[in-house]
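Participant: Residue strings, one per chain:
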Amino acid sequence: MLVLLGIAVVVVGFLARINPLVVILTAAIVTGLTGGLGAVETISAFGGAFNDNRYISIVWLVLPVIGLLERAGLQEQARRLISSVRGATTGRLLLAYFFARQVTAALGQTKLGGHPQMVRPLIAPMAEAAAETRHGPIPDATRFRIRSHAAAADNIGLFFGEDIFIAIASILLIKGFLEQNGIIVQPLELSVWAIPTAIVALLVHGTRLVLFDRRIAREVAAGEGDASARSTTSSGAGE
Amino acid sequence: MITLDFVYLLAGLVFAAWAVLSAMDAANPRRWINAGFWGLLAFSFTFGDRLTDFANGLLVIALVILGGIGLGQGQPKTTTPTERAASAERLGAKLFIPALIIPVTALLGTLVLAKIEIGGTPLFDPDDPTLIALGLGVLLAVGVGMALIRPPLMAPVQEGRRLMDAVGWAAILPQMLAALGAVFALAGVGEVVGGLVADTIPMNGPLIGVVTYCLGMALFTIIMGNAFAAFPVMTAAIALPFLIGQFEGDVAIVCAIGMLAGFCGTLMTPMAANFNVVPANLLELPDRNRMLNGVIRAQIPTALIMLVANMALMYFLAF
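Sequences listed follow chains U and A, in order. The first sequence begins at 160 in our numbering and counts up one residue at a time. The second sequence begins at -13 in our numbering and counts up one residue at a time.
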């Protein structure tokens, strides 16, 4: 039971808004010590695992490419592109991206999206530009809500698409776990049962994205009378 | 054979360049902290495998201290909005080419390059073809971008530093959480949680079992930040003995949908840093340091509806 203190440290640390790096390291040390590991052993376990998981941080290698292209006007070009598409709205654009993300993830191509590669340089600026083309200047709160929804579309599309692919990590994990418990299932038997959830996700989140356009229109109308709430420049995510 | 080590070396060089340029950036009042932080990461990527686990642990502690003090925001020279608009006018859709090179290379890498063999040895390490292709794609995209845009030579590194400083210490948050998960596993946290749930909830029918399993998957994922960590624990504690053993539910359906119930938890937690915290930093949201930042708040309604939907699907399809 004492070993659960580490979880308490995480919860309290996040609630108290202490720097998450400090919270996580403290939680790891508390968990190690209460779980019967020594101090040196705990630090070694944490350090070893940190080193083994360096591949997670490889994604930052794309920043020089994205930064270089932003310098040359990538976000502006993304805005120009979307402004020229008649009938484009924030909700419809995000719905199209969400659906494309779901389908490509279902085909195993999870690397085709992502926050540094797609959302920051392309999807978020396009979603903002679609709202600006339609409504003119938009309040800052709305701008940040649009950006948040751009990131959300990427995550939700990925999560409720990828499990349809038979060779994705989570399907292989389930297969491996069941094998250890003496149950043999084929990846395909598992992945087909991700399809009903994927369809419900498309309906649920698709509806929310369609309704999102109305919310933007409402917020812009509410911000109209209050000039201080309006942002007069169409500054991008880079500013 | 090209292995992940080459990509780590490349990352080490890029972080080292960011450390040096940070140190030279007089506009950043905390430039030495930035230099130290990115420098330690460069060291980790380059020499991490030659250090003992304990030395790696000390390196992490140093990173946490610097990150805890707080990094500053570097001010590399970049273009003005007017210059960017003019450049977009001039280059047009060609600007998308380098951006598309990275995913296309990753795609080709997994589908084609991973299968190439030279004299019996594979060209790519078969364990990580996607990450190696990502590294290759970045090099290719920088090359094409430089030829297209013709900026100053240091532009990719400096512009990359501008974005990296916007992310700041959160850059290593996903890696830190993965390491915390390893310590949790070593100390047996999962077994204790699983036992606790199984002992306190009376399993007197498939419905209560389904609700407990799905809710347990989501809640434990919220704590761990990762459905993969929750799955073995909750499935062993609830799904195998009760849903599948006692109530004879279909094993494939229960497990497949159980994992997806866990994903609903991933959408609601700052512990899933690479999905929920990193984008808030990249998009420079004003509430990025709050527990429930804008990205998480945008996801919660869908996540809750999907959690209930997964319970219903599991109950009606598996029983």
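Since the hints were derived computationally from the structure, they do not count as laboratory data. These numbers come from a predicted model, not from an experiment. By construction, the Cβ of each residue, glycine as well, lies at the ideal position given by its N, Cα and C atoms. Check each hint, because a few of them may be wrong.
To be verified - Going by beta-carbon spacing under 7 Å, a handful of chain A positions derived as facing chain U:
hint, residue
1, T(-11)
2, W18
3, G34
4, P218
As the list claims (entries may be wrong) - Listing some non-contacts, in silico: residues in chain A with all C-beta distances to chain U over 12 Å:
hint, residue
5, V(-7)
6, A(-3)
7, A9
8, A12
9, N14
10, T64
11, R136
12, A184
13, N190
14, G191
15, I208
16, G211
17, N262
Stated by the list, open to error - Using C-beta positions, here's what the derived DEER-type ranges look like:
hint, chain 1, residue 1, chain 2, residue 2, range
18, U, G197, A, L94, 44 to 54 Å
19, U, P346, A, E75, 41 to 51 Å
20, A, P108, U, N340, 42 to 52 Å
21, U, L331, A, G181, 18 to 28 Å
22, U, V171, A, R36, 55 to 65 Å
23, A, D113, U, G295, 16 to 26 Å
24, U, A380, A, D113, 47 to 57 Å
Participant: Each hint: holds or not?
Facilitator: Structure-based check of each hint:
1. For the restraint placing A/T(-11) at the interface with chain U, the shortest Cβ-Cβ distance is roughly 12 Å, beyond the 7 Å limit, so the hint is violated.
2. Using the Cβ-Cβ criterion of 7 Å, the hint placing A/W18 at the interface with chain U is not satisfied: the shortest such distance is roughly 18 Å.
3. At its closest, the beta carbon of A/G34 sits 4 Å from a beta carbon of chain U; the interface hint therefore holds under the 7 Å criterion.
4. With its C-beta approaching chain U no nearer than about 5 Å, A/P218 sits inside the 7 Å limit, and its interface hint holds.
5. The beta carbon of A/V(-7) sits about 6 Å from the closest Cβ of chain U, which is not more than 12 Å, so the claim that it is off the interface is violated.
6. Not every C-beta of chain U lies more than 12 Å from that of A/A(-3), the closest at about 6 Å, which undercuts listing it as non-interface.
7. Distance check on A/A9: its Cβ is at least 18 Å (rounded) from any Cβ of chain U, clearing the 12 Å threshold; non-interface status holds.
8. The claim that A/A12 lies off the interface holds: its Cβ sits roughly 20 Å from the closest Cβ of chain U, which is beyond the 12 Å cut-off.
9. Separation of A/N14 from chain U is adequate, the least Cβ-Cβ distance of about 16 Å exceeding the 12 Å criterion.
10. A/T64, annotated as away from the interface, has a beta carbon of chain U within 12 Å; the closest lies near 6 Å.
11. Taking the minimum C-beta to C-beta distance to chain U, about 9 Å, the non-interface status of A/R136 is violated against the 12 Å cut.
12. The non-interface label for A/A184 is consistent with chain U: the shortest C-beta to C-beta separation is roughly 15 Å, beyond 12 Å.
13. Distance check on A/N190: its Cβ is at least 24 Å (rounded) from any Cβ of chain U, clearing the 12 Å threshold; non-interface status holds.
14. Every beta carbon of chain U lies more than 12 Å from that of A/G191, the smallest distance being close to 22 Å; the non-interface claim holds.
15. Non-interface status of A/I208 relative to chain U is broken: a Cβ of that chain comes within 12 Å, the nearest being about 10 Å off.
16. The claim that A/G211 is not at the interface with chain U is violated, since a C-beta of that chain comes within 12 Å of its own (minimum 9 Å).
17. Not every beta carbon of chain U lies more than 12 Å from that of A/N262, the smallest distance being close to 7 Å; the non-interface claim is violated.
18. Judged by the Cβ atoms, the range 44 to 54 Å given for U/G197 and A/L94 holds: they are separated by roughly 48 Å.
19. The hinted range of 41 to 51 Å is satisfied by U/P346 and A/E75, whose Cβ atoms lie roughly 49 Å apart.
20. Distance hint check for A/P108 and U/N340: the Cβ-Cβ separation is about 33 Å, which falls outside the suggested range of 42 to 52 Å.
21. For the pair U/L331 and A/G181, the supplied restraint of 18 to 28 Å holds, since their beta-carbon distance comes to about 26 Å.
22. With their beta carbons about 37 Å apart, U/V171 and A/R36 fall outside the hinted range of 55 to 65 Å.
23. Our hint of 16 to 26 Å for A/D113 and U/G295 is violated, since their Cβ atoms are close to 52 Å apart.
24. Hint check: U/A380 to A/D113, Cβ distance near 55 Å, so the stated range 47 to 57 Å holds.
Hint compliance for this structure: hints 1, 2, 5, 6, 10, 11, 15, 16, 17, 20, 22 and 23 are broken, all remaining hints hold.
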